[in-house]
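Take the given structure of chain S and dock chains X and B to it, following the hints.
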Amino acid sequence: MNFGEIIFLLIIIVTMGGALMAILSGSIVYALMGLVTAMFGVAGLYIYLDSPFLAMMQILIYVGAVSVLIAFAVMLIGPLYRRPKEWTTAGKFGAALGVALVTLFMFVRFVTGTFPRGGNPFFDMTTKEIGRLFFDNLVLPFELISLLIVVAILGAIMLALFSRGNK
Amino acid sequence: MEQIVSMIGWKTAKTIAGLVGVLIFVVFNALILTWAERKVAGHMQRRIGPKEVGPYGLIQPIADALKLLGKEILTPRAVDRPLYFLAPILIFVPVLVSFIVIPFDASLQVKDINVGILVILAFSSLSVLSILMAGWGSNNKYALIGAIRSVAQNIAYEIPLLLALLPVIMMTNSFSLKAIVEAQKGLWFVFYQPLAFCIYFIASVAETNRTPFDLPEAESELVAGYHTEYSGMRFALFFLAEYTNIFIVSAIAVTFFLGGYQGPFLPGIIWFLLKSYLLVFVIMWLRWTFPRVRFDQLLNISWKALIPLAFINLLLTGGLLKL
Amino acid sequence: MIEYVPILVLMCFAILIASIIVGASYLLGPRISNKTKLSTYECGMQTIGPTRMKINIRYYIIAMLFLIFDIEIMFLYPWAVVMGGLKLFGFVEMLIFVIILFIGYIYVWRKGALEWE
Chain S
1 MNFGEIIFLL IIIVTMGGAL MAILSGSIVY ALMGLVTAMF GVAGLYIYLD
51 SPFLAMMQIL IYVGAVSVLI AFAVMLIGPL YRRPKEWTTA GKFGAALGVA
101 LVTLFMFVRF VTGTFPRGGN PFFDMTTKEI GRLFFDNLVL PFELISLLIV
151 VAILGAIMLA LFSRGNK
Chain X
1 MEQIVSMIGW KTAKTIAGLV GVLIFVVFNA LILTWAERKV AGHMQRRIGP
51 KEVGPYGLIQ PIADALKLLG KEILTPRAVD RPLYFLAPIL IFVPVLVSFI
101 VIPFDASLQV KDINVGILVI LAFSSLSVLS ILMAGWGSNN KYALIGAIRS
151 VAQNIAYEIP LLLALLPVIM MTNSFSLKAI VEAQKGLWFV FYQPLAFCIY
201 FIASVAETNR TPFDLPEAES ELVAGYHTEY SGMRFALFFL AEYTNIFIVS
251 AIAVTFFLGG YQGPFLPGII WFLLKSYLLV FVIMWLRWTF PRVRFDQLLN
301 ISWKALIPLA FINLLLTGGL LKL
Chain B
1 MIEYVPILVL MCFAILIASI IVGASYLLGP RISNKTKLST YECGMQTIGP
51 TRMKINIRYY IIAMLFLIFD IEIMFLYPWA VVMGGLKLFG FVEMLIFVII
101 LFIGYIYVWR KGALEWE
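Protein chains in written order, with this note's numbering: chain S, 1 to 167; chain X, 1 to 323; chain B, 1 to 117.
Think of the hints as simulated: they come from the structure by calculation, not from any bench. What you are looking at is a predicted structure, and each value in this text was computed from that prediction instead of being measured. We treat Cβ as the ideally placed atom computed from N, Cα and C, and that holds for glycine. Check the hints yourself; a few may be wrong.
Straight-line Cα separation of at most 25 Å, DMTMM-like style, residue types lysine to aspartate or glutamate; simulated pairs [as the list claims (entries may be wrong)]:
| hint | chain 1 | residue 1 | chain 2 | residue 2 |
| --- | --- | --- | --- | --- |
| 1 | B | Lys54 | X | Glu221 |
| 2 | B | Lys54 | X | Asp80 |
| 3 | X | Lys67 | X | Asp112 |
Covered stretches of chain X, as calculated for chain B (at least 3 residues, CB under 8 Å) [to be verified]:
| hint | stretch |
| --- | --- |
| 4 | 73 to 79 |
| 5 | 129 to 140 |
| 6 | 299 to 309 |
| 7 | 312 to 322 |
Here chain S stands alone, though its shape is the one from the complex (with noise of 0.2 Å):
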């Protein structure tokens, strides 16, 4: 085992601790603490995979602006907040099985070495790269992207005012 391979067992075994976290933690608090676990493991993987640049995105959006969305809809919701019951033993125990078998999988993705590792020239994309895609070949895609992002600002803005009551 190298150097490289070390990190990435690093990185897979946050992933996970912090998706059964997410799963298996009654507070919701907990839940999201676990949440941002996995994400940050994740942007681990992106690095891992030499892409630098979404592992940034991956760390500012997912644990820098989602994370803080869902916090305040928990403290939105009001303190006394706990899971459904229905989350029983036997849900618990069939997310973790899930989870442990997605982990196996991988593992032995890895070992058998299928799996993509740094340095391969399929993942070695720069920003630059990226940049030119955009403006090159993704043209309509990106300016649609826009129109999705004004989509999603009008359903913010109706939230807004149908909790104000007021139209």
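Okay, now just chains X and B, sitting in the frame of chain S:
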């Protein structure tokens, strides 16, 4: 020593030296800034500030640190223990990581990562999380209100901050901080981008929760904000992170707009520190000049003034570069 | 990937050092506590009501708008970094992108979602 260096390789040895250097610098910076803050405050109010311990009171911060070390570290009964314990420790992470990419001199940089500025921006968004953890974990009304205000303010001012850095990236076509400094060999970017500099500076003062944007810790209504329930060394960690953050935002401003380590006669690192601490001084100066803004004013400044201005500045820069 | 290892190392360093500082303080400081001392601080009074109150929905709206603008800016960053190699078309493309978003922004403003009362 040479044996170790030859064993792990020259590059690794340099990186390790850099990491140790960063740690030492963070501690020294915090000590100097706590002293400077009190000295500046003193002189602004026609007092002399600390003077008893050491010459000009220079040993005062060390005495304070030792005193804090001996203080009881209190854990209130009602706190959510894991969150409460983790928050001050995690707030330390983004603060240290940012130093990896800051170029102190042409060759004095731990690692010149080619997405440099994104590393700083991404990791500084982590501090929002530990503030939330502190606020929620403390189980205290003041802490929670302070944390929520702090987070709302941080995210509201992050947008103009990100937008103000973009024109410089457009002009240099690089995320690497070193490349950005090297591009300012001729004229500093502050002369091309005065508006972007102003927007960045205002936003960064707000990001560090300093007066006039210190609503999260408005002592007259919120006691101390999100660190109300923290005592002893845990409080000191928040404090340390806060002061290091002030230096980091100043250092980024210097790197992006004020030519970084470039300057005549003196060595680069002196220029870099001189410029950075000048900006730190301005931030301290602001504290004793402006009253605190109201919360609606705070958000209006960001959403209704800084963001449109930053967008217009961005498009103007783009247009001028292409036409 | 190897150039990001210092970040990982420094993250571990940061956590370690912060823990050591707190741990040292645990060992060095006095530990005398009583019931009142460990109660939640509320200006010396008994705590009234739940300490974790519901927050104003405005905060949620700010977070939502922040998320949207954040994503938008993330698309501007790759654009800015290739700016030098692009023709005028690249600028026009981004102009259209930003103008569409600006319409959304003006809508938000006009609808009063940025007001805080």
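Hint check, failures only: Going through the list in order, the structure violates hint 3 alone and respects the others.
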